[in-house]
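Start from the sequences and build out the full structure, keeping to the hints where you can.
Next come the chains, spelled out residue by residue.
Protein chains: 4
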Amino acid sequence: MPSAVGITLKQAQAAVAAAIEKSQAIGTLMDIAVVDAGGNLTAFAREDGAWQGSIDISQIKARTARYFDMPTGAIGQLSQPGGPLFGIEHSNGGLITFPGGLPIKNAAGEVIGAIGVSGSSVENDHTVAEAGAAAVK
Amino acid sequence: MPSAVGITLKQAQAAVAAAIEKSQAIGTLMDIAVVDAGGNLTAFAREDGAWQGSIDISQIKARTARYFDMPTGAIGQLSQPGGPLFGIEHSNGGLITFPGGLPIKNAAGEVIGAIGVSGSSVENDHTVAEAGAAAVK
Amino acid sequence: MPSAVGITLKQAQAAVAAAIEKSQAIGTLMDIAVVDAGGNLTAFAREDGAWQGSIDISQIKARTARYFDMPTGAIGQLSQPGGPLFGIEHSNGGLITFPGGLPIKNAAGEVIGAIGVSGSSVENDHTVAEAGAAAVK
Amino acid sequence: MPSAVGITLKQAQAAVAAAIEKSQAIGTLMDIAVVDAGGNLTAFAREDGAWQGSIDISQIKARTARYFDMPTGAIGQLSQPGGPLFGIEHSNGGLITFPGGLPIKNAAGEVIGAIGVSGSSVENDHTVAEAGAAAVK
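These protein sequence lines are chains A, B, C and D, in that order. Start counting at 1 in the first sequence, then tack on 1088, and there's your number in our numbering. Start counting at 1 in the second sequence, then tack on 1088, and there's your number in our numbering. Start counting at 1 in the third sequence, then tack on 1088, and there's your number in our numbering. Start counting at 1 in the fourth sequence, then tack on 1088, and there's your number in our numbering.
To be clear, the hints were calculated from the coordinates, so they are not data collected in a lab. Just so you know, not all the hints are guaranteed correct.
Each pair may be met inside one copy or between any two copies, as identical chains are not told apart.
[What the hints assert, rightly or not] Derived lysine to any residue pairs resembling SDA-like cross-links, with alpha carbons at most 25 Å apart:
(1) K1193 to M1158
(2) K1193 to W1139
(3) K1193 to N1128
(4) K1193 to G1141
These figures come from a predicted structure and were not determined experimentally.
Here you go:
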C-alpha cells in the first residue's frame, strides 16, 4: 500500500469546496490549488471564467506556502528590493510571494499541505485561501 | 466579462468524480486531470497514495488528447520507430503518447476539453479515462 | 469535429493587418501576435527588419493579456516593487507586464482572444495593439 | 535601417496564403509557420479548428528544415533507431523530423527561409508545405 503524504484527497477537496463557496459569497472567480505535505498537487479547480494565468499562480502560491511553511505574503515582505530575501522568486522554478498562499495544518498544528488561490485582488485571494484552509480539521 | 472556454467546472468535476469511482471499482490509485477546450487545466484530483510522477503525466495526457483531438494511445501507434509521427513527443514541451488521455465531447460531438489519467497500467488508465469522459453530456 | 476557441483566423488576420497599417503610419517596425480565447497562437507577422527579440515578447504580451483579461501595462503598474503583484512575471513560464498586450473582445464584450505588439517604445506598441484590437468586431 | 534576413513578410504571407488555399482544396485544417533565413518566426496562421498541438509542431518543422536546409522527412529517415542521426531530435530544444517542413528558396536557389505545416497526415502536411514554398519566387 503506497503512502499518502499529509493531506488526503478528501480533505483537499473539502478545502477547495470551502474556497469556492467563499469565492462565490464575495463575488469573485478563482483558481484554487491544494498541495500535500510533499508540495505535490492534490486537488485543483478553476471557476468558470476565472483567469487562465491564475492556473499557474494558484499552484505556485500553494507550493511557495509549503516550501517555507508561511503565508506567501509574509515572504513577499522580505523579498522587496533591499530586503533580506530579494530575488527569492528566482528559486524553485519560480515562486509567487504575494498573498493568496497559506499552509494547511491539522488539529495538532502540523503542516499537512498548503492552499493557493488566485483570481482577484490579493486581499480577496487571501480571504478565500483562509476559508479553504479553515475547512481542514 | 470573462469568458469560459468549453467544459465547465461542474462538468469537469463530474468527470473527475466518475473517474475516481471507476478507479476504486477496479482497485487502482489514479491521478486525474481535466483541461478545457483551450488546453488549460480545469480540475484535478490525486487519490491518496497515487504516484507522484503521474501528477504531471495525467496533465500531459489531457493536453495531448486535446492538442490532436484523439486518444493519446492512437498517437502512440503512429509515433513508434519507423512510424509517420516518430519523435512527436519532442514537441509542445513534451507529449505523452501512450493510453490514458481522451477528448471530452459534448452532445453535439464537439470537443470541449479532455481528460488524462495516470497511475496504473495503460489499459487501466484508459478504462478510467473513458469512465470520466462518459460522465460529461 | 474540431472546435475553434474564440477568435477566428479571419478576425485574427484582420487584427494583424490593421496593426501593420498603424505601424507603418507611425513609422515603426513591429512583431504582432494574436492568440485565441485559450491563449493559443492564431496569427503572427513580423515586419521586415523588426526586432528578433520581439517575436517572443509579442507572443508573451498576447498571452499575458488573455491570462488576466486586461492590458499588460495595467498588470505592470501592480507588479512594481512594493505593489500587490510584485514578481508576478515569474509565473506562467514568464510574463511581460509592460504595455503592448490587449484583450480582444467581440461585440458582446466577451474576451475572444488577445493581441501582443512589440518592436518600438511601449507607447507605440500599445498604440499599434489598440489599432489591431479595434479591427475585430 | 535594420536588416531583414532573407524572406520578406510579403513573401512569407504569400507562402501562408498559398498553403491555406491548398489545405482547403484537399479538405484539411492546418497550422502553417514560416521562418526567415535566421530561423526566426516571420508569419503564422492557424485555420479555425486546426490542432492546437500543431501550433508548436509547424514552427519546429520550419526551424528544423532551415537548420539543416533539407526537408524534415529526409532527416527523419536518418534518425531512426540504428540510423546515423539517431536522437538528433534532442538537439536545438527539440526537433521534428517527419514530413511537413521544407526550405524556401529564391529564384537563385538560395535558401531564404523555411515553411512548416502540421495538422493532417504527414503526406498532406508535405503537400501543403510544397504549395506554400512554391509561392515564393
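Consistency of the hints with the structure:
1. Taking the shortest Cα distances, K1193 and M1158 sit within 25 Å of each other inside one copy (11 Å), while across copies they are farther apart (30 Å).
2. When the C-alpha separation of K1193 and W1139 is checked against a cutoff of 25 Å, the pair qualifies only between copies, where the shortest distance is 15 Å, while the shortest distance within a copy is 28 Å.
3. Proximity of K1193 and N1128 under a CA criterion of 25 Å is satisfied in both settings, with 16 Å inside one chain copy and 20 Å between copies.
4. Taking the closest pair of Cα atoms, K1193 and G1141 come within 25 Å of each other only across two copies (18 Å); inside a single copy the shortest separation is 27 Å, beyond that limit.
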